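K.L.:
With the sequences and hints as input, model every part of the structure.
In order, the protein sequences belong to chains A and B.
When we follow the working numbering, the leftmost residue of the first sequence carries the number 15, and every step to the right adds one.
When we follow the working numbering, the leftmost residue of the second sequence carries the number 15, and every step to the right adds one.
Derived from the structure by calculation, the hints contain no laboratory data.
Just so it is clear, the structure is predicted and the values come from calculations on it, not from any experiment.
Idealized CB from N, CA, C, for every residue including glycine.
Please note that the accuracy of each hint is not assured.
Said to hold, decoys possible - Computed beta-carbon distance windows for the label pairs:
| hint | chain 1 | residue 1 | chain 2 | residue 2 | range |
| --- | --- | --- | --- | --- | --- |
| 1 | A | Glu70 | B | Leu156 | 30 to 38 Å |
| 2 | B | Gly51 | A | Gln294 | 35 to 43 Å |
| 3 | B | Thr314 | A | Glu70 | 21 to 29 Å |
| 4 | A | Ala50 | B | Ile338 | 33 to 41 Å |
| 5 | B | Ala91 | A | Asp142 | 46 to 54 Å |
| 6 | A | Gly111 | B | Arg290 | 41 to 49 Å |
| 7 | A | Glu70 | B | Glu95 | 40 to 48 Å |
| 8 | B | Asp306 | A | Gln294 | 29 to 37 Å |
| 9 | B | Ala109 | A | Asp142 | 30 to 38 Å |
| 10 | A | Gln317 | B | Asp215 | 17 to 25 Å |
2 protein chains.
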Amino acid sequence: MTTKPTRVALIQMSCEPDPEVNLAKAAARCQEAAFAGATIICLPELFRAQYFCQREDHALFALTESIPGPSTAALAAIAREHNVVIIASLFERRAPGLYHNTAVTLDPASSAPDNIAGIYRKMHIPDDPLYYEKFYFTPGDLGFRALATSAGRVGTLVCWDQWYPEAARETALRGAETLFYPTAIGWHPAEKAEFGEAQYDAWQTIQRAHAIANGVFVCAVNRVGHELGDVLISGQLNRVPPTANEVLGMTGDFTAGPNPGLEFWGGSFIADPFGRILAQASHDHEEILTADLDPKLVETTRQHWPFLRDRRIDGYTGLTSRFID
Amino acid sequence: MTTKPTRVALIQMSCEPDPEVNLAKAAARCQEAAFAGATIICLPELFRAQYFCQREDHALFALTESIPGPSTAALAAIAREHNVVIIASLFERRAPGLYHNTAVTLDPASSAPDNIAGIYRKMHIPDDPLYYEKFYFTPGDLGFRALATSAGRVGTLVCWDQWYPEAARETALRGAETLFYPTAIGWHPAEKAEFGEAQYDAWQTIQRAHAIANGVFVCAVNRVGHELGDVLISGQLNRVPPTANEVLGMTGDFTAGPNPGLEFWGGSFIADPFGRILAQASHDHEEILTADLDPKLVETTRQHWPFLRDRRIDGYTGLTSRFID
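P.N.:
Following this line, the structure appears as structure tokens:
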């Protein structure tokens with residue numbers, strides 16, 4: 015654990031159909047961030063591919079990889095070369111038929127294969143129109159974790175986890191002082207005009223609240239750009255059928271017709287332990303978002319807003335219930 | 015449980031030294047709100063007195079009252095007359111030497127004494143410079159509660175509770191669809207210029223996040239005005255010694271000298287189940303803040319943002335720990 019300021023870099027990027035192109039882009043951006051002094055870098059959720067969960071297709075399990083595997087090998091080389099911690103979100107093949115949405119923390123100080131200091135398997139799995147994640151990802155079975163890295167005590171959570179105060183609290187109680195949320199969230203084009211602003215605002219608000227409730231830094235990194243979910247597999251383009259909505263029997267918010275895709279809203283940000291925005295990315299550009307985090311601010315904030323002191327742990331037994339009828 | 019829209023009224027008020035004056039003011043404002051069509055009204059925290067917790071003085075236990083008692087009697091008469099639910103925050107005398115910060119829900123449909131449909135005893139008790147609540151209030155022992163009233167399924171929480179996602183979640187899991195937070199929070203005058211905006215923003219942000227996380231309406235009602243904590247007891251003015259900070263041995267943020275008091279920041283608000291602000295009060299005026307809440311919006315929002323569906327109740331066992339070392 016370090017007490018010197020940490021320079022975080024979040025790689026807000028767009029994703030191409032070819033996974034190799036995305037890995038090369040991510041690697042190049044990590045190098046760029048390291049040259050700019052970053053001590054810890056976080057990539058967006060599942061950056062190796064366009065967001066394929068827009069449909070359910072068994073062929074897409076070809077995107078999975080082992081951990082350690084080719085992505086951790088490529089990124090660990092950069093982590094070692096620049097002495098920087100890298101957090102990568104990968105589609106993990108754990109066993110035949112068992113796949114996870116996994117965040118891997120690579121730390122040059124770790125002697126494990128590919129410098130893997132820790133992994134976290136996404137606990138909360140969404141399932142909504144065009145976000146069919148329950149088809150692909152087995153819910154995590156490692157629980158919530160914190161990790162002492164060369165760049166501070168961190169916790170990794172993934173996307174849908176960000177809507178759960180329980181996830182942030184569990185991770186903070188394990189000692190994490192900075193929470194990272196690799197993310198892939200965007201607007202349904204048909205909804206954006208009416209609901210887009212409120213959706214982004216809710217997304218940022220609840221994560222700022224995790225910072226406030228726990229006195230921790232929060233770093234959310236999202237992809238950007240409009241995607242139809244095109245993925246190159248063995249030289250073949252796999253894409254959503256043009257009448258996907260019709261095929262999938264979707265009704266209500268969505269009209270049958272050409273696949274509208276998703277407009278990923280970027281808007282990556284870094285919040286301090288009182289929820290103040292330290293750095294804010296755009297909604298429509300690739301960028302590397304950086305901020306210097308002073309770990310002393312965690313303790314100072316918690317002394318002035320001593321929420322951890324006053325938790326009524328005797329009164330929270332209902333939290334492990336689905337509902338209290 | 016009703017399915018018709020609920021009209022909430024929040025009584026943002028200032029408090030005088032004389033408790034009887036405050037009770038009369040509160041009663042008059044409740045009547046005014048009822049005439050304007052309110053079906054449920056919430057008063058600010060401990061509205062019967064100026065915020066006396068600015069010092070520790072045994073004489074101030076004279077402010078306590080039983081429940082049922084004089085305040086519930088006065089307010090229940092109004093509740094019955096106008097067929098309206100009233101939520102009142104009182105300094106409860108439960109037994110000699112045992113006092114609570116208690117929210118009482120008065121519902122004309124209840125046949126209990128003073129139409130008391132339910133009480134909630136503040137679970138999280140703060141203790142900070144000028145907020146010496148641990149001296150006065152025994153932490154609640156009733157846990158978190160929801161209540162089916164004539165004006166919908168509600169949960170009452172109190173002030174410091176608002177910083178705890180656990181409290182909101184527990185209350186929502188018990189069926190509350192609207193959370194009420196009677197509050198007394200303000201700025202230390204010496205801090206306001208530097209931190210005031212961030213403090214109010216954090217306070218509102220974390221409560222909007224409770225709305226989002228749980229798909230519930232959130233109604234926060236605060237007092238307004240600068241107070242030295244003057245309280246009239248048996249015709250005698252009880253006030254903070256002019257050099258209170260010195261007497262209390264306070265250092266750091268506070269300079270010894272005349273008691274600076276607290277500037278209560280008002281800013282009461284009503285948020286919908288996606289955290290959008292439906293009504294927003296000023297920082298410096300008394301006002302009655304109203305909004306019409308459609309209970310159908312709770313279910314619609316939860317269908318579109320199905321956070322309750324995906325909670326990992328098997329993974330939250332750490333939440334009942336103080337810290338996970």
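K.L.:
With reference to the structure, classify each hint as holding or not holding.
P.N.:
We went through each hint and held it up to the structure:
1. A:Glu70 x B:Leu156: 30 to 38 Å: violated, 47 Å
2. B:Gly51 x A:Gln294: 35 to 43 Å: holds, 41 Å
3. B:Thr314 x A:Glu70: 21 to 29 Å: holds, 26 Å
4. A:Ala50 x B:Ile338: 33 to 41 Å: holds, 35 Å
5. B:Ala91 x A:Asp142: 46 to 54 Å: holds, 49 Å
6. A:Gly111 x B:Arg290: 41 to 49 Å: Holds, since glycine 111 of chain A and arginine 290 of chain B (Cβ atoms, about 42 Å apart) stay within the stated range.
7. A:Glu70 x B:Glu95: 40 to 48 Å: Violated - the Cβ-Cβ distance for glutamate 70 of chain A and glutamate 95 of chain B, about 59 Å, lies outside 40 to 48 Å.
8. B:Asp306 x A:Gln294: 29 to 37 Å: holds, 34 Å
9. B:Ala109 x A:Asp142: 30 to 38 Å: With a Cβ separation near 51 Å, alanine 109 of chain B and aspartate 142 of chain A fall outside 30 to 38 Å, so the hint is violated.
10. A:Gln317 x B:Asp215: 17 to 25 Å: Once the Cβ atoms are compared, 20 Å apart, the range 17 to 25 Å for aspartate 215 of chain B and glutamine 317 of chain A holds.
Of the numbered hints given earlier, the model fails hints 1, 7, 9; all others are met.
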